[in-house]
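Enquirer: Below, each chain spelled out in residue letters.
Number of protein chains: 2
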Amino acid sequence: MRSAFFISDGTAITAEVFGHALLSMFPMSFSQHTISFVENKEKAEEVKTKLNKAFKESGEKPIVFYTFVDEELKQIIDASDALIYNFLEHFVSPLEQALGIQAVPKTHRTHSIHENSYDHRIDAVNYALVNDDGANVNNYEHADIILVGVSRSGKTPTSLYLALQYGVKVANYPFTDDDMDELRLPPFLKAHKKKLFGLTIDAQRLIEIRGGRMANSKYSSARQCRMELREVEKLYKKERLKFLNTTHLSIEEISAKILTETGIKRHKY
Amino acid sequence: MRSAFFISDGTAITAEVFGHALLSMFPMSFSQHTISFVENKEKAEEVKTKLNKAFKESGEKPIVFYTFVDEELKQIIDASDALIYNFLEHFVSPLEQALGIQAVPKTHRTHSIHENSYDHRIDAVNYALVNDDGANVNNYEHADIILVGVSRSGKTPTSLYLALQYGVKVANYPFTDDDMDELRLPPFLKAHKKKLFGLTIDAQRLIEIRGGRMANSKYSSARQCRMELREVEKLYKKERLKFLNTTHLSIEEISAKILTETGIKRHKY
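Chains as they are written, first to last, in our numbering: chain A, 1466 to 1734; chain B, 1466 to 1734.
With the rest of the complex left out, here is chain A:
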């Protein structure tokens, strides 16, 4: 299997995202390795040795995606028996020309505690945890968004993702069996109606997910799942709430769609 390496003097997250986006276009498997915090010459030499060994053992040059700031470290890696894709470098000069200023090489530019948004994100994670699953219904004035939906429609992971990635404060509130007889918005939600965003999911998928947690229960029965979904979707329409079916969407996709539909300001790019 062809080897691919994501290497950086920082977290290597940028190198991973970029490399992964490219490799995913090829219908083949790769043996993928991340090497982060290559911050000095010794570590760079170790990486070089590792790359050369991968070449020697397989006869194929490993694919390398990297981000480095230090020119000396970069050169050590460049001298390996590897195919190097230095994707930042290629775009720096055209951008310098377009913007009319010089790029300033600086380590830990991204994904570090020095980003303006960092404290926002930590606050947002704490907010999501304290306001998960209807735990704290009197705290919604600080929410950017309140996700509503039946149990297992994707509220909690989406709340956490929006908090961690974008610093958006998301509370979530579940509609449960007890609410279903005459489903309506409770006063603490009605008071923040503009912040509400509904999630729904196909009944078949919900039955599977709940069955994985509590097989042969009322909670996971087809009848119960269908009834709950019918009721919440009726409510969303009656109250004209924005809502989204999450069946075929990842947390990243759900989050991106919520940000698009609500126009909520994110604190990080």
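Watch out, some of these pointers could steer you wrong.
Just so you know, same-sequence chains aren't split out, so a pair can sit in one copy or run between any two.
Heads up, simulated BS3-like pairs for lysine-lysine below, C-alpha to C-alpha not over 30 Å straight-line [said to hold, decoys possible]:
| no. | residue 1 | residue 2 |
| --- | --- | --- |
| 1 | LYS1722 | LYS1506 |
| 2 | LYS1660 | LYS1539 |
| 3 | LYS1660 | LYS1699 |
| 4 | LYS1730 | LYS1660 |
| 5 | LYS1539 | LYS1506 |
| 6 | LYS1703 | LYS1518 |
| 7 | LYS1521 | LYS1730 |
| 8 | LYS1722 | LYS1526 |
Hints were generated in silico from the structure; no laboratory data involved.
Please read all numbers here as calculations on a predicted model, not as lab measurements.
Chain A is already provided as a structure; the job is to place chain B on it using the hints.
Expert: Chain B alone, transformed into the frame defined by chain A:
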């Protein structure tokens, strides 16, 4: 302020990460906009109109980072009054040559529910929530890592990040004031000693963080914070646990360092 756009037929996460990495090299501010799910010609034309308007209003061409699969949509955006940085395209041909196969354009390659790792990640998020803050000490046989440390040393956000991003199952256990008289590993941690990873933090930073939550309390007092940190660090050394000082590190950096030091297999790149 110069405008920058991150545009895609999917979540635009790849375009954001790449664009952000490049823009962060320039000592200037940008007005940043993400436009995701540009999946048809109408939407692409809307984006073109928006880009042309940004140019007309400012006299400066907006900077555009995009990932598109559909050639027709791409051409609509390419025809805007914008500076387009098509970073994937540039690397596809060299990679095709190196790998000896053709790239297969496909939407939603990354950040979608179809990634192999997706269910792993959702399971890991649920695991992190159920095993947060010592909530479930009899469940550690399923953990990949157990983070230990004093309150507010970074355990919870790190657990969630490792789960969401990499599908790694992380439990976390807090050492509290009650443990401090004779701090040692309780039996349920001792049984999984190889999975333990300690977090610590500078006393001054801990005092600040705790003070923000509970000012003028024993919990946030300098004396208490210093004592707790002294005791846990002593324990880490005595038990020869791997540990990390999180004071100057972001969640991304803490997570990357933990993955590097433990060699834990991640389920997503």
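Enquirer: Against this structure, judge whether each hint is valid.
Expert: We went through each hint and held it up to the structure:
no. : hint                 : verdict
1   : LYS1722 with LYS1506 : between (44 Å within a copy, 18 Å between copies)
2   : LYS1660 with LYS1539 : neither (48 Å within a copy, 34 Å between copies)
3   : LYS1660 with LYS1699 : within (18 Å within a copy, 47 Å between copies)
4   : LYS1730 with LYS1660 : within (13 Å within a copy, 39 Å between copies)
5   : LYS1539 with LYS1506 : within (10 Å within a copy, 42 Å between copies)
6   : LYS1703 with LYS1518 : neither (64 Å within a copy, 37 Å between copies)
7   : LYS1521 with LYS1730 : between (50 Å within a copy, 24 Å between copies)
8   : LYS1722 with LYS1526 : between (40 Å within a copy, 27 Å between copies)
In terms of the numbered hints stated before, the structure departs from hints 2, 6, listed from lowest to highest.
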